[in-house]
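Please construct the entire structure, taking both the sequences and the accompanying hints into account.
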Amino acid sequence: MNSKSSITPSLSLSICTATPSPAYGALLPREVLATPTGNGLEITVQDAEQQLLAYVRLDLDPASIAASTGQSVARMSPVAWLADVRRVPGALGERAQSLALYAALQQARLENRQQLGVTAVDDATPLSRMLALSPIAGLPAIDVPGRGGFRHHAQRIDVALARSFADAQSALDPIAPAFLAAEVDALLRRYFERMWQTRWFRAVEAGTLTRAQYVYTLSNMHQFVRYTTRILARCVAASDDSQLRLHFLRHLQGEINHEVIIERDLAVLGEDVPYVVEQMAANLPTRQFMAAQESAIGFHRDPILLMAAPLAAEGISGHLDQRFMDALHANVVRWGVAEPERVTRFYSSHIDYDGGDDGHWEGTMAMLATHLPDEPALARFLSMLRVTTDAMLRCYDSWIDELPL
Numbered sequence: 001m002n003s004k005s006s007i008t009p010s011l012s013l014s015i016c017t018a019t020p021s022p023a024y025g026a027l028l029p030r031e032v033l034a035t036p037t038g039n040g041l042e043i044t045v046q047d048a049e050q051q052l053l054a055y056v057r058l059d060l061d062p063a064s065i066a067a068s069t070g071q072s073v074a075r076m077s078p079v080a081w082l083a084d085v086r087r088v089p090g091a092l093g094e095r096a097q098s099l100a101l102y103a104a105l106q107q108a109r110l111e112n113r114q115q116l117g118v119t120a121v122d123d124a125t126p127l128s129r130m131l132a133l134s135p136i137a138g139l140p141a142i143d144v145p146g147r148g149g150f151r152h153h154a155q156r157i158d159v160a161l162a163r164s165f166a167d168a169q170s171a172l173d174p175i176a177p178a179f180l181a182a183e184v185d186a187l188l189r190r191y192f193e194r195m196w197q198t199r200w201f202r203a204v205e206a207g208t209l210t211r212a213q214y215v216y217t218l219s220n221m222h223q224f225v226r227y228t229t230r231i232l233a234r235c236v237a238a239s240d241d242s243q244l245r246l247h248f249l250r251h252l253q254g255e256i257n258h259e260v261i262i263e264r265d266l267a268v269l270g271e272d273v274p275y276v277v278e279q280m281a282a283n284l285p286t287r288q289f290m291a292a293q294e295s296a297i298g299f300h301r302d303p304i305l306l307m308a309a310p311l312a313a314e315g316i317s318g319h320l321d322q323r324f325m326d327a328l329h330a331n332v333v334r335w336g337v338a339e340p341e342r343v344t345r346f347y348s349s350h351i352d353y354d355g356g357d358d359g360h361w362e363g364t365m366a367m368l369a370t371h372l373p374d375e376p377a378l379a380r381f382l383s384m385l386r387v388t389t390d391a392m393l394r395c396y397d398s399w400i401d402e403l404p405l
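Residue numbers for the sequence shown, in the numbering used here: 1 to 405.
Derived by calculation from the structure, the hints in this document are not laboratory data. Watch out, some of these pointers could steer you wrong.
[Unchecked claim] Straight-line distance between alpha carbons at most 20 Å, and here's what the computed EDC-like set of lysine to aspartate or glutamate pairs gives:
| hint | residue 1 | residue 2 |
| --- | --- | --- |
| 1 | Lys4 | Glu183 |
| 2 | Lys4 | Asp173 |
| 3 | Lys4 | Glu49 |
| 4 | Lys4 | Asp47 |
See below:
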């Protein structure tokens, strides 16, 4: 991993895989005792002249964390460890350190870590106060000649994220909204990698998708696709911002009668379309996805929160290509269908609707980049996005697993 981005108008941030030769230059350790790193990352903050202001090393390897703390590897699996924290003196160094810590904690959240550990000075320090660190019970203090006493401390990742963001934010040099939205993009990239490994997509690629499983897929999709325009209309009504309203109006116009495409695919296959439209109930994972999107706008009345649903659903079709359609058609031909294009129009059409630079998925991502202003908003959105993506992953597995015959 090696990335560089602007975290504020005046400061840049780099994230790379930790190496045996740390990139902290002449920065000295202050409040943290450096520990050996396993599978970790280095985060640095530089000014406009590329002067290094702060350095953080984050350990994500449960084995090395366990070795540092004397705990079991299993117990350390939900933990991320601050293996080193350094900065230049003064207020600029303190702010750069908070920015580096916030970026490191974002990486921990992406890895689904829930708790942060650090070996810090056994006393109240600016770092311990900022993160509200608490000593880990049952672990002894460490005496370092020339530096004094240190102790293992811990804090919840979500609390540390909120506190480091608040400490780093500045009205004169704010954290870039695009930097915050980049975490959404990173989570979605991991989601798509997992999606292509679901049993449904593997069945399509292997040529083992059955007709019954495909019909079950379309039938369950119909249960939420038919509500899309009504849900988007609620988003239009709940959007005070004119650009946000325009986004949802355009999205709504592009979704009209998409459930009819599913109905036509099913009709060509000779399926009982009236049953799917009027009587069928969604299976459990499909219902869980529906409940998430309906609560986002029906209960919370939050059109931004609702975007977690189309990112999970439309993001899939927005990332499909002709190779997928060829594989799907090969499965359909194996069932004895002479014209596979006539029963796969929902998937083929949504590659165009949802994909490309002007598709629904890119439009939603662009809107998010200007409507996630701070960590609390980002945390709420990511929480909902984890719900919708998890539900959709289980949908694609269930549409295979529940019909094995």
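Here is what the structure says about each hint:
1. Lys4 - Glu183: holds, 14 Å
2. Lys4 - Asp173: Roughly 18 Å between the alpha carbons, so the hint for Lys4 and Asp173 holds.
3. Lys4 - Glu49: With Cα atoms ~15 Å apart, Lys4 and Glu49 stay inside 20 Å; holds.
4. Lys4 - Asp47: holds, 13 Å
Hint check: no violations occur; every hint is consistent with the structure.
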